[in-house]
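One letter stands for each residue in the lines below.
There are 2 protein chains.
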Amino acid sequence: MRIALDSMGGDNAPFEIVWGGVVAAAQTSDHIILVGDEAAIRKSLKHRHPKIRPLPDPQALMAAGRLSIVHTDESIAMDDAPAAAVRRKKNCSINVCMRLVKEGKADAAVSAGNSGAMAASALFILGRIKGVARPAIATVLPSSDASRPLLLLDAGANTDCHHQWLREFAVMGDIYSRLVLGREKPVIGLMSIGTEDCKGNELTKHAFPLLRDYTPGIDFRGNVEGHDVFEGKTDVIVCDGFVGNVVLKTAESAAHAMGGWLKRVIMSKLWFRLAALPLLPALRALKRQMDPEVYGGAPLLGVPGAVIITHGSSTYKAIAFACRAGSRAAEHNVSQAIAERIGALPEVSEEELETAMRGTQAQNT
Amino acid sequence: MRIALDSMGGDNAPFEIVWGGVVAAAQTSDHIILVGDEAAIRKSLKHRHPKIRPLPDPQALMAAGRLSIVHTDESIAMDDAPAAAVRRKKNCSINVCMRLVKEGKADAAVSAGNSGAMAASALFILGRIKGVARPAIATVLPSSDASRPLLLLDAGANTDCHHQWLREFAVMGDIYSRLVLGREKPVIGLMSIGTEDCKGNELTKHAFPLLRDYTPGIDFRGNVEGHDVFEGKTDVIVCDGFVGNVVLKTAESAAHAMGGWLKRVIMSKLWFRLAALPLLPALRALKRQMDPEVYGGAPLLGVPGAVIITHGSSTYKAIAFACRAGSRAAEHNVSQAIAERIGALPEVSEEELETAMRGTQAQNT
Chain A
2 MRIALDSMGG DNAPFEIVWG GVVAAAQTSD HIILVGDEAA IRKSLKHRHP KIRPLPDPQA
62 LMAAGRLSIV HTDESIAMDD APAAAVRRKK NCSINVCMRL VKEGKADAAV SAGNSGAMAA
122 SALFILGRIK GVARPAIATV LPSSDASRPL LLLDAGANTD CHHQWLREFA VMGDIYSRLV
182 LGREKPVIGL MSIGTEDCKG NELTKHAFPL LRDYTPGIDF RGNVEGHDVF EGKTDVIVCD
242 GFVGNVVLKT AESAAHAMGG WLKRVIMSKL WFRLAALPLL PALRALKRQM DPEVYGGAPL
302 LGVPGAVIIT HGSSTYKAIA FACRAGSRAA EHNVSQAIAE RIGALPEVSE EELETAMRGT
362 QAQNT
Chain B
2 MRIALDSMGG DNAPFEIVWG GVVAAAQTSD HIILVGDEAA IRKSLKHRHP KIRPLPDPQA
62 LMAAGRLSIV HTDESIAMDD APAAAVRRKK NCSINVCMRL VKEGKADAAV SAGNSGAMAA
122 SALFILGRIK GVARPAIATV LPSSDASRPL LLLDAGANTD CHHQWLREFA VMGDIYSRLV
182 LGREKPVIGL MSIGTEDCKG NELTKHAFPL LRDYTPGIDF RGNVEGHDVF EGKTDVIVCD
242 GFVGNVVLKT AESAAHAMGG WLKRVIMSKL WFRLAALPLL PALRALKRQM DPEVYGGAPL
302 LGVPGAVIIT HGSSTYKAIA FACRAGSRAA EHNVSQAIAE RIGALPEVSE EELETAMRGT
362 QAQNT
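For the protein sequence lines, the chains are A and B, in the order given.
Position one of the first sequence corresponds to residue 2 (the working numbering), numbered consecutively onward.
Position one of the second sequence corresponds to residue 2 (the working numbering), numbered consecutively onward.
Looking at chain A on its own, in the form it has when it is part of the complex (with noise of 0.2 Å):
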């Protein structure tokens, strides 16, 4: 597979891109295409990076055929609007990657850089799947079943969210989770207040009978809640774009602030601190189950072609889990698996879900 990886986008860019993409190169059978400013991405090739061992030799990989350059000097900056700027800097380094997957040079295209624009570029350039009304981030979560993580979708790209759109995002969790993650038969939970069917707000109400009655092929369990996002449980979590990125948000600070609470009542006494040392192993293996780093970014599902968008803090790690994530979705065809399912769904009226939403209400008051 070959992956177009933009070397421009994300905090650490280029250097922590670059050699996240050196080292999908050396460790899979991907051609890795560093899309960005040629200067910049040889610079910082040349610089050896402190933390990665062995150090895999770029000048080999690219003799081989299996890393190389597409120079663009365009970039989008941090205060760009995102979607007037991919717009107006028609050869910024995301559009560039786009352009190589649209024109069947790259299988995948992947970013650390503004997730807003990397959506409206992968809209503006590749389009939508015909039938999908709105592609949806699609975030892989740790979960305390560490084989099994879980996918939260919709991750931000769309903050208001008409019910048919979540039978959508549920459709093609249910299939990045078969196809990418390897679950067999992923379990689907709608995002609510309570378990109880009849819980939630109009969206998701509306969103319950459509995903247990009108969508076939998926194993709906109904509604979830918060514990559900950490109990290894759920293998697909749907919601609306605003609701999905508050969960993330909140999940990601309440870790970090209980880590921070830990060290600090650690920190507070010196025979504490001495007996924590030896617990220092125990800790690193817990920080590393939960880092978010190894599960390889977020896929923009929707639209015709894999599209991995990542953390903008993200490290070479992060970028190499992240093409191997790009390239895994261009294997197995994610897009074309979209196309058919979503082509397939069956029409549902407006009037006929009304009709089933009040049976389920009905039922429980």
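Possibly wrong hints are sitting among the right ones.
If chains are identical, the list can't say which one is meant, so a pair holds when it fits in one copy or spans any two.
[What the hints assert, rightly or not] Straight-line distance between alpha carbons at most 27 Å, and here's what the computed DSS-like set of lysine-lysine pairs gives:
(1) K288 to K270
(2) K44 to K318
(3) K131 to K44
(4) K264 to K90
(5) K90 to K44
(6) K131 to K270
What the hints contain is simulated information worked out from the structure, not anything from laboratory work.
Starting from the known structure of chain A, arrange chain B on it as the hints suggest.
Chain B alone, transformed into the frame defined by chain A:
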């Protein structure tokens, strides 16, 4: 102050509830009215509570006129639909509590029962404060600064909100934070998915200029995100009840999951287990700081009367704190303050608001 305590509501009713009332009566100058099945209440009072030391004497408190019982034999079952049940069972314990407040025989009502039933009963019997469109549940949360708990509202009373309601939530939260939680100048934030003014969904984009330009007397600091929930720099966070409930449950679950993972890692090796022993006091201190029980339950703001809802799993300790919160809310006349501030809010037409909103968007794109 006289506190009507619903002795039949909650997972641990009546035992923990009744003893929570006894502790509150013994530790404060409040009079606690235990509302519920008299035989069950008297039976609970005869069993000594194993964890309370020193154990106050209920008979002495009753003789001193500090503790009393109001009998009712109706109560709401767990599987009752809340709103319907409080209308059908006129004399259920929650309704009796509210009537005591309505008739001036109690100054506050406290319950660990179904929060939906509590809100329905309050609306049904007490009604709304003039000018308040929707009462809201405000939850008090621990933050990294132990002396500065956070108030989050709405935490679940209104799943779908109009942006005008969020302005009322901000004012009500500001008042409760000042009068009951003791913040001099509470910092108010709007829960969103980015701190820039233009970020958010339709609801928050409309609420933003309302809070910034048309809500005199509040210290509005703009959009906040997940990490602001834990950092102790915001005193009141405003959002719709769906998002509020999701944030609460996600934060609770994240903390719980982290604790569980830490425990599992430590228990995985004998050596870790031994090493962790001397740290137990530190871990207990952390657990205490994060204990939501000590923060006194969630007031239902916007009804004429002090109404406090506590967690269904409340123990005697949480009930005693909730009684104190009810007492303080009544003493500082939170409802009166809300009526005055809400009555003085300027009217804003939707056209005016649209113009202000477009201004915010234009500045940021």
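Worksheet item: What hint numbers does the structure not satisfy?
Response: 3, 4, 6
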